[in-house]
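Peer 1: Chain residues, written in single-letter form:
There are 4 protein chains.
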Amino acid sequence: MAPINVALIGYAFMGRAHSNAYRQVGPFFSPRRPPHMKVICGRTSAEVERARVTLGWQEGATDWREVVRRKDIDLVDVCTPGDSHAEIAIAAARAGKAVFCEKPLANSLKDAERMLAAVEKAGVAHMICHNYRRIPAVMLAKQLISDGALGEIRHYRGTYLQDWMSDPAAPFNWRLDREKAGSGALGDIASHSIDLARFLVGEITEVTADLKTFVPVRPAAGKPRARVNVTVDDAAMALVHFANGAVGTIEATRMAPGRKNFNRFEINGRLGSIAFNLERMNELEVYFENDPPHLKGFRTIMVTEGAHPFVGRWWPPGHVIGYEHTFVHTVYDLLEAIADGNVPEPNFADGVANQRVLTAIERAARTRRWQRI
Amino acid sequence: MAPINVALIGYAFMGRAHSNAYRQVGPFFSPRRPPHMKVICGRTSAEVERARVTLGWQEGATDWREVVRRKDIDLVDVCTPGDSHAEIAIAAARAGKAVFCEKPLANSLKDAERMLAAVEKAGVAHMICHNYRRIPAVMLAKQLISDGALGEIRHYRGTYLQDWMSDPAAPFNWRLDREKAGSGALGDIASHSIDLARFLVGEITEVTADLKTFVPVRPAAGKPRARVNVTVDDAAMALVHFANGAVGTIEATRMAPGRKNFNRFEINGRLGSIAFNLERMNELEVYFENDPPHLKGFRTIMVTEGAHPFVGRWWPPGHVIGYEHTFVHTVYDLLEAIADGNVPEPNFADGVANQRVLTAIERAARTRRWQRI
Amino acid sequence: MAPINVALIGYAFMGRAHSNAYRQVGPFFSPRRPPHMKVICGRTSAEVERARVTLGWQEGATDWREVVRRKDIDLVDVCTPGDSHAEIAIAAARAGKAVFCEKPLANSLKDAERMLAAVEKAGVAHMICHNYRRIPAVMLAKQLISDGALGEIRHYRGTYLQDWMSDPAAPFNWRLDREKAGSGALGDIASHSIDLARFLVGEITEVTADLKTFVPVRPAAGKPRARVNVTVDDAAMALVHFANGAVGTIEATRMAPGRKNFNRFEINGRLGSIAFNLERMNELEVYFENDPPHLKGFRTIMVTEGAHPFVGRWWPPGHVIGYEHTFVHTVYDLLEAIADGNVPEPNFADGVANQRVLTAIERAARTRRWQRI
Amino acid sequence: MAPINVALIGYAFMGRAHSNAYRQVGPFFSPRRPPHMKVICGRTSAEVERARVTLGWQEGATDWREVVRRKDIDLVDVCTPGDSHAEIAIAAARAGKAVFCEKPLANSLKDAERMLAAVEKAGVAHMICHNYRRIPAVMLAKQLISDGALGEIRHYRGTYLQDWMSDPAAPFNWRLDREKAGSGALGDIASHSIDLARFLVGEITEVTADLKTFVPVRPAAGKPRARVNVTVDDAAMALVHFANGAVGTIEATRMAPGRKNFNRFEINGRLGSIAFNLERMNELEVYFENDPPHLKGFRTIMVTEGAHPFVGRWWPPGHVIGYEHTFVHTVYDLLEAIADGNVPEPNFADGVANQRVLTAIERAARTRRWQRI
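In the order they appear, the protein sequences are chains A, B, C and D. Take the first sequence: its position 146, counting from 1, is numbered 146 in the numbering used here, and each next residue is one higher. Take the second sequence: its position 68, counting from 1, is numbered 68 in the numbering used here, and each next residue is one higher. Take the third sequence: its position 61, counting from 1, is numbered 61 in the numbering used here, and each next residue is one higher. Take the fourth sequence: its position 139, counting from 1, is numbered 139 in the numbering used here, and each next residue is one higher.
Bear in mind the hints are in silico, worked out from the structure with no lab data behind them. Every clue listed holds true.
Listed next, the stretches of chain A that the computed footprint assigns to chain D, with coverage defined by at least 3 CB atoms under 8 Å from CB atoms of chain D:
1) 25–35
2) 44–58
3) 310–317
4) 321–330
In silico lysine-lysine, DSSO-like type, Cα no more than 30 Å apart, as pairs:
5) LYS180(D) with LYS110(D)
6) LYS121(C) with LYS71(C)
7) LYS212(C) with LYS223(C)
8) LYS142(A) with LYS212(B)
9) LYS142(D) with LYS212(C)
10) LYS71(A) with LYS121(A)
11) LYS180(D) with LYS223(D)
12) LYS180(B) with LYS110(B)
13) LYS180(C) with LYS121(C)
14) LYS121(B) with LYS71(B)
15) LYS180(B) with LYS223(B)
16) LYS223(A) with LYS180(A)
17) LYS212(A) with LYS212(B)
18) LYS121(D) with LYS110(D)
19) LYS180(A) with LYS121(A)
20) LYS142(B) with LYS212(A)
21) LYS142(C) with LYS212(D)
22) LYS212(D) with LYS212(C)
Being a predicted model, the structure only gives us computed values, none of them experimental. Backbone N, C-alpha and C fix where the C-beta goes; we use that ideal spot for every residue, glycine too.
Please build the complete structure, drawing on both the sequences and the hints.
Peer 2: See below:
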């Protein structure tokens, strides 16, 4: 089958991660329609050229509008900050391209809904990059829940803790700017906890929440004497109800010293529990209520076996994978869905659903009341 | 100095734990006024006698009213279910006895306040048994926070997870009865998380909360076909604000398979973090932001050294202690406070403050709004 | 049944631990013949009196020869340094007393054999205090192996690591004196690893070994300028063969910074593995080869359930026990064996077998060749 | 600078890992002379072609003798089984090529020495692929030891445990054949523990050892009724002495159920300890004797910071890397050394030194005596 020609818009952190996925998916997963890394696009031509060479793209470009209209492009991958997602994704959809978009889908629910409408109207494949769904340990968790191995789910306990904004002297950056980023820890990392909650437990129906900015003013980057107002949250906390009767707590912060990428969840069901932590992403902890009484205990499963999702394509058992592999798995499923004419999951509908929860959390924090989704 | 004559009211789980503390405090801590285990009191005379012999008390009794009035009693220890705490403690205070009372102080805020008024009016020593404050690892946590080693405190994250009510077929018992127990997981175990929050971080000023009963009807004990309504919560969750600007999440459940006594907290400050889990109660995890960049990491401190609180009285370094030792430490401080004519901490004022938070959580869950304490 | 009158010889670390066991065994285990703490014996009368009061003995004495001959004594408990075990235990046996002796049984194989001969000739009960056998997690390990749950055993990997002699400036003490202590890390702590090996895997048939003294000269205690020669090993390492075909490694040191009481073993069998560490003595890690392929993992079993050995006598599930509880379990089994007229395990025959391995290790280290036991 | 043209001999597990390294080293490390993946060579032309396409090589070839003589080849990478290393590497050296060779360097010490002589005579760059040296956590360990942060080193404790040969019904394969593989667990995985010992502690001067084959006969692959003799060890154990006075234990097995890739070491020095486990390769545990008494504890350092070796080239802090990244680091240092005209480490001299230890272990096991290296 023909390769899929990809245009990547953006070349920062996520641009690097996606580029790596396109490079690696072939050797390890042999998709039926391999990706062709056609063009990378950014605002500054010198930096685009540097990224093109380093990341392995065929061409560089600086005008995304032109790029998304090119006949020879099949898939547009949107890795820009959240405030430009809608415009680019919608233009790409209108041009009939498959669209792969970083999370959060947009900075507002309205934009997210417009994006979903656009891809559905255009009838193109669309996917949102919640890459943590495709960690083998998370896939295993999903499988156990789907199989009923945990029974009725009662509790979801999701925390995403980082520490990179802990120091009040750390300078202002775009992730602290509401205009660019939409929100702070909420959209940046709580959105992952919410996606995992929806993936593993089900739809969230209502929330009550709290947002906190510990450091409301920071030095400007490069100008230590200038002061800039932080317009987003440093931390977000919510109590949630799920449609299936489960209850949950979700917490995200950038102010937890020592927690580098502590995306952890624990799920308790009638028949067992599972726990996961991104900092030890090759492991899943599982407890079964129905094990013999003297042999009950959390199993630390090294999710690196041929019997586990995705991971057998990489190395022999016990040989761990890392952060970027999750993007390779995601891109693989995207490419296969395109080859099959399907829309993969999670897609823009999931992005909209996620945004609804984020919006409800903001509203709950403001009104100090529970909010229905 | 003269021994302190003790009367213990109640001989179940807590009665056993307190009896052990009186037996062990002498050999290991040599209090200036050693306890004399004078009389144990309960309702059923045959069971009292059995408890007396097993637990090592001099006399047995069945009428607590008589006991608390006895001239030869110095200290009344209240280990009955929560619905009788107020009556017994107030009578003891009026009789001029020092009073040691299990938690929660009472089943209602009003009762708790009456108890506090009574001990203050009587001018007697009083203490509430939040024994987890005197785990050496928790004492070390307190010391680090007091010393400023963590800097300004920002986050408290307390979970108390158990699993003994997970099975819907598990029969009804008094802890599921609002009349007897006051509340469910909330008063039973969340109250510990709240006490640790107050001890380590400071006063809680407002809360929003959620209470959940997953299994509203259970078989009657001994009569599997009879059905009894569960009138308390199986799980309690709250978002909290502290007076000092910190924020927190508190969650307690009896429905987390595999979590046996998972009383865990994590505290994040400007300069570091600490984490503790009762299931590994001899350890404290500590992270310091100001360690050299390449050497930062959570330290797992075995809190079994002579340099640590209390533990040097037991065994050499590396020789772990267990659950019941926390009661010995608590009783030791109580006895020393009595010897000194002081009121130890935590005392009935802490019990009232704790009850205020419990009450606010119930109100917040009912009204679905934040509640000020 | 009549109480068992106990005489304790020695009141240092082990004397305290044994005294505690006699105090606690009644309230928690209700042995049919409860111990009566009759007399404690040591060399210095003032210190004996202090110990008597603190530890709860009825009488004090300074002449062990008299004590072991007293008509009213049933059980002699030997807690002195190793160089006096033989003389005391043999005298006690000849006087018809049951004998409970700390490990190692003696400082030489010859003495150990004389002790065994004496108790067998006298027909008295005898036990050696390898208390770690009666850690509930270790009992569970034993049960799994006996049940065949691990299949044929192939590997034993025992390490006992401590760090209290790590500093070359730490002063000389009797445990560094070959005359008093027999050997260093070898007899003090490797002997525990050997006992656990024999208990869990079976008899050791041959060894090759290495002994190392890192700090051959130390300051005298209290006289920092005086220098004393260390006449024992700081560390001991051995490769071993078992009668059943398994192979093992055993290592003990007092020079491993950060390892406080790291008595760890791992056993690999055809069908599974187990791992234990004294620093987390309430846990056992177990792996089963025959679990479903996607669900294999080491289970961390909290060995605090009613379904586990001994522990149900203490507190509810999830309430951990500590170091000294292992002595209570040991004493309980000793008292029950005496009540039944049996010889418990491990007994002096185990002490002799252990000493044979210790002796073979010393010989192997000296000759630099494998030695048959 | 000109690219380095690479010829890869072998396309199995290691061929895949090395290919990945050549693909990834450019985007993440920008070596001054980037690798050009010129030709991959194997015996079967169809399989070579499949590997060529999948792994991203320009040409395929089936005659390694021709390949190593090609003018346009700069670097020959030897990924074949150990019995052909010598012939290929020597031919490549004679043809003036830089040589990169998988471990163990050869199946005999004699061959290894011939290889070293050949590369030295030819004056070409040479490297042996002990990739675990370039795990960031291992690099950090090295740095701490070199800086003296652990003080004088006393103990090395290396275990490499796997479980893939645990089942006696698992069929025979080339790694069980002495002719092909040289030895079993010894050369395959103990060689890694030995390399890490040499890297971190220093030269090994003498050993005593034990080799064990638990399953001496296995079914032939594909012919379950045929039986084949296993001619290598299933497990290897050794006690070792280092030139600097440290002592060590080394153990490797393929028979430890649940241990998938448990390449663990612990090093104890006068001033501290470090511990590492390949199954959690992004972490290093470090203990410092000179931390304040109440704050001593093993730190779990997430070795994912910019302050740590190599890892800053990948992703932000807390984003873990995996197994194959270690090859990328190794290849990077190889390419840079070639660019600089240097011989990198570890090289064929390290391969020879390693082989000397392996040989001494075999001799010690056979003679049952200590052997000098």
